[in-house]
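Line order of the protein sequences matches chains A and B. So in our numbering the end of the first sequence lands on 198, straight run, no missing numbers. So in our numbering the end of the second sequence lands on 320, straight run, no missing numbers.
These are calculated hints, taken from the structure and not from any lab test. Incorrect hints may have been included.
[As the list claims (entries may be wrong)] Straight line, CA to CA, 20 Å or less: simulated SDA-like cross-link-like pairs of lysine to any residue:
id : chain 1 : residue 1 : chain 2 : residue 2
1  : A       : Lys29     : B       : Pro287
2  : A       : Lys145    : A       : Cys76
3  : A       : Lys22     : B       : Gln37
4  : A       : Lys83     : A       : Ser108
5  : A       : Lys22     : B       : Gly41
6  : A       : Lys139    : A       : Cys65
7  : A       : Lys29     : B       : Gly41
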Amino acid sequence: MSDPSERGATGERGLPGAGLVKGLAVTLKTMTSRSTTQQYPDTAPDLPPRSRGVIALSEENCTVCMLCARECPDWCIYIDSHKEEVVVPGAARPRQRNVLDKFDIDFSLCMYCGICIEVCPFDALYWSPEFEYAEYDIKDLLHDKDHLGQWMATVPPPPAHDPNGEPAKEETSAARKAAASRPAPPAVRPDADQDPAS
Amino acid sequence: MPLWVELVLRIGGVVVAFLTLPLLVGQAEHKVMAHMQGRLGPMYAGGFHGWAQLVADGVKFVQKEDITPREADRAVFRLAPAVALVPYLLVLLVIPLGPNDLVGQPLDIGLFFVLAVVGVGVVAVLMSAWASANKYSLLGGLRGAAQLLGYELPLVLAAASVAMAAGTLSLSGIVEAWQPWWLLWQAPAMIIFFVAGLAEIRRPPFDMPVADSELVFGYMTEYTGLRFAFFLLAEYVGIVVIAALTTVLFLGGWQGPFADDQLGWLWTLLKIFAVSFVIIWLRVSYPRLREDQLQRLCWLVLVPASLAQLVLTAAVRIAL
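Go ahead and model the full structure; you've got the sequences and the hints to work with.
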């Protein structure tokens, strides 16, 4: 039981029973400190930002590029579309645009990896922290585009830009364009502390 | 006051204590254990912080089917929970709550009676274990028997030490003879009695007989419904009994900071709850002892220590 090598590994031992007292002290301290339990159905949970609850669809941003459906690891996104002609007055010929017919995400398959949201080039998909959409029938976990669109109202605003981070691409490119037309202003935001060139 | 009124009052009081104190201790265990583990414990039953959780549990147990295994020894199997419960009820009868005979039944050989009756618990364990016709039950029961027989010895020796110091076997007499400096003089006996008492009621860290991770639930494996609830109730009454005995023998019973005559019952109850809290606290803090460690602690530590305490007590008694 009292293996000498084991004893050496743990270093010198304190008074006999010191470990027992320490154990009692730990439980007593835990008891007197406040529990962090959130009584969920009674009080709304305090979710961290970027919580992955459900995926919201901003339908007008979607161009039916199918990138999300192709990147989805478990193929839970179903997209259907058709082409429509748009007659632009004064143009030589009518333009074509994609119209979204069906955009379904099957949340019984979704593994909440978020690749579809990462890959969307037009910001049509967002994470929403809502998570209370359990259903009695697994079929009802297939959310169509209207249902996905309803989640848009629950998407939190994007976090503020980190003042110490490098400036956004839009800002630098706009500044570069301005610099090309006019010689003077540098490609740095006035409030940025760091040199973006480094 | 005619005899029968007094009798009814005393027995009624003991029955009320028998039915309420274990529930209070059980509820305290729920909440204390939860908070020690960073949880909240029951919060819904009864509305306010789950105060009615054990009542709800009792209702649930009553509704469950009462199953007796086909191979079981029916009569013994059905009798065992009662045998586990009744001794503790009898012990509560003689534990003094306050001075001036505030006790169910004053008994001159109270200590002897208490120790004898608590020892009946081992019979209930063996009855339930053998009658269940289940290997887990049998293993648990044999472990329980070995543990109870082993720890009976330090329990009795530690109690004998305090009886020797007080010069009486009456529990009320021991409380009357008790003086604060006994806390120091009888401290080893108190610790031995408390530890052996924990083992007697099979509380963690001495819950080897019911070790649920290896023996399912030991000798209680085959029990359901009300009979299982009886075993659980016996465990909680056991906590009350061991806490009360420790209070009466070693902590001065009804002797408090002031107004012993009027508030004696309050001091006794406070001490009982404090000791019960320690019992719960130990359960949360310590892991279960292995079977060999359990026996080792008993025979190589507690028994010699209690014998040494006995010698010390005798020496001081003769010197004074």
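Status of each hint after checking the structure:
no.: 1; hint: A/Lys29 / B/Pro287; verdict: 18 Å, holds
no.: 2; hint: A/Lys145 / A/Cys76; verdict: 13 Å, holds
no.: 3; hint: A/Lys22 / B/Gln37; verdict: 15 Å, holds
no.: 4; hint: A/Lys83 / A/Ser108; verdict: 30 Å, violated
no.: 5; hint: A/Lys22 / B/Gly41; verdict: 24 Å, violated
no.: 6; hint: A/Lys139 / A/Cys65; verdict: 26 Å, violated
no.: 7; hint: A/Lys29 / B/Gly41; verdict: 17 Å, holds
Hint compliance for this structure: hints 4, 5, 6 are broken, all remaining hints hold.
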